[in-house]
Structures are given as structure tokens and as C-alpha cells.
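What follows is each chain in one-letter form.
Protein chains: 2
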Amino acid sequence: MKGKKLILISNDDGIDASGLKSLIEMVKPFGDIYVVAPEQGQSGMSHSISLLEPLRTKKVHSSDGVEIVSVKGTPVDCVKLALNQLLSRKPDLMVSGINHGSNSAISVIYSGTMGAAIESSLYGIPSIGFSVLDHKKTADFSIAIKYGRKVVEDVLKNGLPEQVALNVNFPIVFEADFKGFKICKQTTGVWKEEFDKRIDPYGGDYYWLTGDFNNFEPNNEESDEWALNHNYASIVPVKIDFTEYKTINELKKRYK
Amino acid sequence: MKGKKLILISNDDGIDASGLKSLIEMVKPFGDIYVVAPEQGQSGMSHSISLLEPLRTKKVHSSDGVEIVSVKGTPVDCVKLALNQLLSRKPDLMVSGINHGSNSAISVIYSGTMGAAIESSLYGIPSIGFSVLDHKKTADFSIAIKYGRKVVEDVLKNGLPEQVALNVNFPIVFEADFKGFKICKQTTGVWKEEFDKRIDPYGGDYYWLTGDFNNFEPNNEESDEWALNHNYASIVPVKIDFTEYKTINELKKRYK
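Heads up: the sequence lines are chains D and E, in that order. So in my numbering, spot 177 of the first sequence is number 177, and the numbers just go up one at a time. So in my numbering, spot 170 of the second sequence is number 170, and the numbers just go up one at a time.
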């Protein structure tokens, strides 16, 4: 067992998602696997944590080299519980996903998949979130599995800077048209919502959240949206520092 | 009515929180107020959005210059619904809070209060999240109300750069000891969790999330934690770009 890597896995589509099974398949050749994933779908849960509800765990599967535990909680809850309570040692790698749907551009901030990967990176663990641009339950993960292994291999060999995670998104593309990886920046933009207003059978109003992404830099070849629109898989290194340093000096003048 | 400002308010402690009432009091002198806040407490909900549940609204209050609507949803849901559906025009200002408890350092990423302010800033609205370092329901907001007005006045007069919000935290302090505002960066660090494991009356395990903040730069006078520990209110300009630009070139070399 000496030298065997320990890999922590989580996701936001929940313990039964086919993207989770695909992620296990992707990283299985690299070490022992410990999955701690939400009992139910947690799309759009961002970096949320459970402060008002306690967390409950359930052993779902245990076999040679693969342990699977479900948590009634958020993706970030899963990572905190895994790192602070469930795992006997610090994992060598954390991977999250494979998400059903894009986490490029500003979507990174709404994403539970990236929430989990970023939380893990805060603990100094090399962490990668994987997504494919297909929301369907039956999404095809074969390109992500095959090429995602190259990212995993690179990170296991060369590491990542402290508290940096990777946001890796795969386009929907035939393998013959796939152009490989492109290192990118997060695209600037905003989701403009159009609420779908409906009336329930009892006369009550309710709204469904829908919308379109407004890309502020559609021609920026360094952006992840551009890469994905041109059949590349995008890799954005991410780190959490919300500070807008450029604005500090201006504000200092105002608050003298 | 000509020239009267429109101010959108939300929070994460819910429609009944005393911090919300204090925030209305703070900004009432500056214009008409439209509150869209969660029906229930949403602490720790970060930037989450409701994709699996529809949103329902309830008119709670309507009087001269103050409209209050509650939403069965997250703080970010509230802001999206307000800006895209409920408000007849773009607000001049958005304020969030006053949060019961700190949103300094890395807590900014878990915070529903800041989630709401950041979402609003993405739409190009000057947005401010206010917090006091007191979790109690009975927290004293008088200093925040009085001095928060200075921040509101400044932002209404001078604006903020595009997609930049302010994260304003007030220390627990007597007014005589309060040192005023300090423009800061977000403190680097991580919450180290210690889960409180318990057994329910039926023999089931459950965990409560608790923990301590590990400050990686306790002596950095530019950091928000330092300011708050020295009786300043901290103001951190925040903007969402998760990209870690320093790492892009290193990765480009690896993925040639």
C-alpha cells in the first residue's frame, strides 16, 4: 500500500449522478478513492454550508479501494466533513464532478461542483472541478474521462500553487473535432434572468429561474467561453480572493 | 418624486431579522426602499440559487416609500427576482444586511449577505453588504446605522467601479473606542472545522459544523481581520474574478 495515492471525490449532482460514476472511472487508475457526495442533487448550491441543519452520513459502498459515503448536505459540507472527520489522512488530490452542465465564466460562482473543489483547495489540497457542457442525465462523459486523466496526471506530478484549484470544462464535441486544452481566464459577463411566471392549481403564483448568459468579451481568445465555443476544453486556475485591489487606492482617498 | 433614489435591500437572516430593520433605518433618508428578502434565515447560503424549486413571493408591507416582499428562496434568488421581475426600474443602490455576524476574510464566500450584494453588483448596481461582528439576534446595530450612512452617502455621490461591491464589517465596540473606517484586502486563511458529533434519540449519528478561523496573515495591517481586531470598521472592495492570473503562464508551459 506504500505510496498509494488517496483521492477524495465529491460533486453537486448527488450520489446517484452518472457524472460521479464517470469521475470514479477517470481517477481509479491513480489511487484509492473516497467519495463523499450529497445524498441529493445540489446544483446551484455554490459555496453554501449547513448552519441551521445538522449533517447526516450514510455508507453507500465499500470495496477494495473505493469507499462511498453520502451526506445530507451541500457539496462544501461534504468536503469539510471528509477532510475534518471522515478521512484518516490528507488526500493527495481532490476531484469534483463530473458536472452535468457548464461551470465556465461567472457560472463558477453558482456552482456546487466548483464550491467543493475550491473548499478543498483552501486546505492546501490540489483540487480539480470537471464539467461537461451537457445538462442531460444521459450526457456522454467519454471525452472528459479520457482527457481528464491528462489533467489529473499533470496535477499529481507537478502539483498546483497553494489554494489554487482548476476549473475544467469540456465542450460537446466529437472526438475528431476536439482541439485539446486551453488555459484561460474566467469570462466576464452576467446571467440575465427571465423568470418563467406560472400559476399553480390553487391559484398561487410561482416563478422558475431561467436566463441567458451575456458575454461581455465574446472575442477574447483568452476567455473560457471563447475556448469552449471553439472546441477546446478550458482550464481556468481559480483562487478565492474577492478583493478588487485596483479600487483600494481610490477608496483610500475617499476615506481619509 | 423626480430625482428620488430607489434603493433595493436584501439580506440572509430573513425578513424578520432585526438587522434588516436596522438597514431600512440606515438608508431611509436617502430614497424609496424596496425590500426583497428571504422568508427564512439563509445564513451560509453563499451565492446559491434555486434551480430545483420554484420561487414564491409574498407582499409583507407597503407604505409610503417602503415596499417589503418576502421570497421563499435564497438571497441571490431575491436579488435576481427583484432586478428582473419585481422592480419597475434599475435601483440606484443595493444594500444587504445588516448581517448578524462577521463576513470578513474567507467568510465572504460562505455569506448569503455578500452573495446578494455581489449578485446585484454584477448587474452594474452600486452594492454594499453590511455586517456586524455579533451573531446574537439582539445585536446592537447603532454604530453600523450611524456610520454606515457615511458609506451610503459616499457611494451615492461617487459611485463604484463596474461590478465592484463593498464588504463592510463593523467591530463590536463602544462608540468612544471606534476608530472609523479602514480600506482593506480580504484576509487570507481558512476555517478549520471541528465537527460536533452527536447521537439522536433514535441512535442515529449526526454532525454540527463548528470551527475556528486560521488567519494566515495576522500581522498584515492591510487585512480586514487586522482592522476589525483594532476597532476599525473594514471596507473591502470586492469583484468576482476567480481567475488566478499568476498561475496561467505556468500552466500554459505544461499544456503545450
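Since the hints were derived computationally from the structure, they do not count as laboratory data. Check before you lean on any hint, since a few could be wrong.
One copy or two, either will do: identical chains are not told apart, so a pair holds if it fits within one copy or between any two.
Straight-line distance between alpha carbons at most 25 Å, and here's what the computed SDA-like set of lysine to any residue pairs gives [unchecked claim]: (1) K136 / N215; (2) K253 / N158; (3) K246 / D154; (4) K5 / N215; (5) K253 / I68; (6) K150 / V190; (7) K146 / D177; (8) K90 / K179.
None of the values given here were measured: they were computed from a predicted structure.
Hint-by-hint comparison with the structure:
1. K136 / N215: Only inside one copy: K136 and N215 sit 23 Å apart there, 41 Å across copies, limit 25 Å.
2. K253 / N158: This pair counts as between: shortest inter-copy Cα distance 12 Å, intra-copy 43 Å.
3. K246 / D154: between (33 Å within a copy, 18 Å between copies)
4. K5 / N215: Intra 40 Å, inter 29 Å, cutoff 25 Å: neither.
5. K253 / I68: neither (54 Å within a copy, 36 Å between copies)
6. K150 / V190: Intra 31 Å, inter 29 Å, cutoff 25 Å: neither.
7. K146 / D177: within (15 Å within a copy, 61 Å between copies)
8. K90 / K179: For K90 and K179, the Cα distance exceeds 25 Å both inside one copy (35 Å) and across copies (42 Å).
The structure shown violates the earlier hints numbered 4, 5, 6 and 8.
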